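Colleague: One-letter residues, chain by chain:
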Amino acid sequence: MAKKLELKFLNEENRTVTISVDQPIEPVDAVAVNAAMDEIITQGCFFSSGGNLISKKEARIVERNVFDVQL
Amino acid sequence: MAVSNLISSQLQLVFEDGLDDSGRPVLRNKNFNNVKTDATPDQLHAVATAISGLQQRPLHGVERNDASELFES
Numbered sequence: 560m561a562k563k564l565e566l567k568f569l570n571e572e573n574r575t576v577t578i579s580v581d582q583p584i585e586p587v588d589a590v591a592v593n594a595a596m597d598e599i600i601t602q603g604c605f606f607s608s609g610g611n612l613i614s615k616k617e618a619r620i621v622e623r624n625v626f627d628v629q630l
Numbered sequence: 248m249a250v251s252n253l254i255s256s257q258l259q260l261v262f263e264d265g266l267d268d269s270g271r272p273v274l275r276n277k278n279f280n281n282v283k284t285d286a287t288p289d290q291l292h293a294v295a296t297a298i299s300g301l302q303q304r305p306l307h308g309v310e311r312n313d314a315s316e317l318f319e320s
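Residue numbers (the working numbering), protein chains in the order written: chain E, 560 to 630; chain G, 248 to 320.
There's no promise every hint is true.
Below, a sample of chain E positions facing chain G; criterion: calculated Cβ distance under 7 Å [stated by the list, open to error]:
| hint | residue |
| --- | --- |
| 1 | P583 |
| 2 | I584 |
| 3 | I599 |
| 4 | F605 |
| 5 | G609 |
| 6 | E622 |
| 7 | F626 |
Because the hints were derived from the structure by calculation, they are not lab data. Predicted model only: the values in this text are computed from it and were never measured. All C-beta atoms in this analysis are idealised placements derived from N, C-alpha and C, irrespective of residue type, glycine included.
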């Protein structure tokens, strides 16, 4: 089923901003994810309603499962 | 005279997602909104490379979509 890698950042108002990536490489390389998140913060090219992204909050793989229900 | 004013930017990563029946790569776009209008190509390219490295599909290209409003000055 479809998996996503969610990169969660905190902005200047301490609110969460999520950037999601489809078809993540698995198993996840924590070092690579950390480096990519650091790069996104360093480059600072994204904004949010609560200002710049200033810190990493969490990163996680989210899997979506779909089951059809017989009607 | 009409002038334009940049109002929003979007980062678009174009990934190759397999091949179609005639052997050409199938391209899929992944868009990232909330890009600062004053972001530089260097910044966007660095971020695109970082994001691309976390997923499986080959990166075909990086695009930037800018929207401007036009008005009479």
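Colleague: Run the structure past the numbered hints and jot down the numbers of the failing ones, going up.
Modeller: 5, 6, 7
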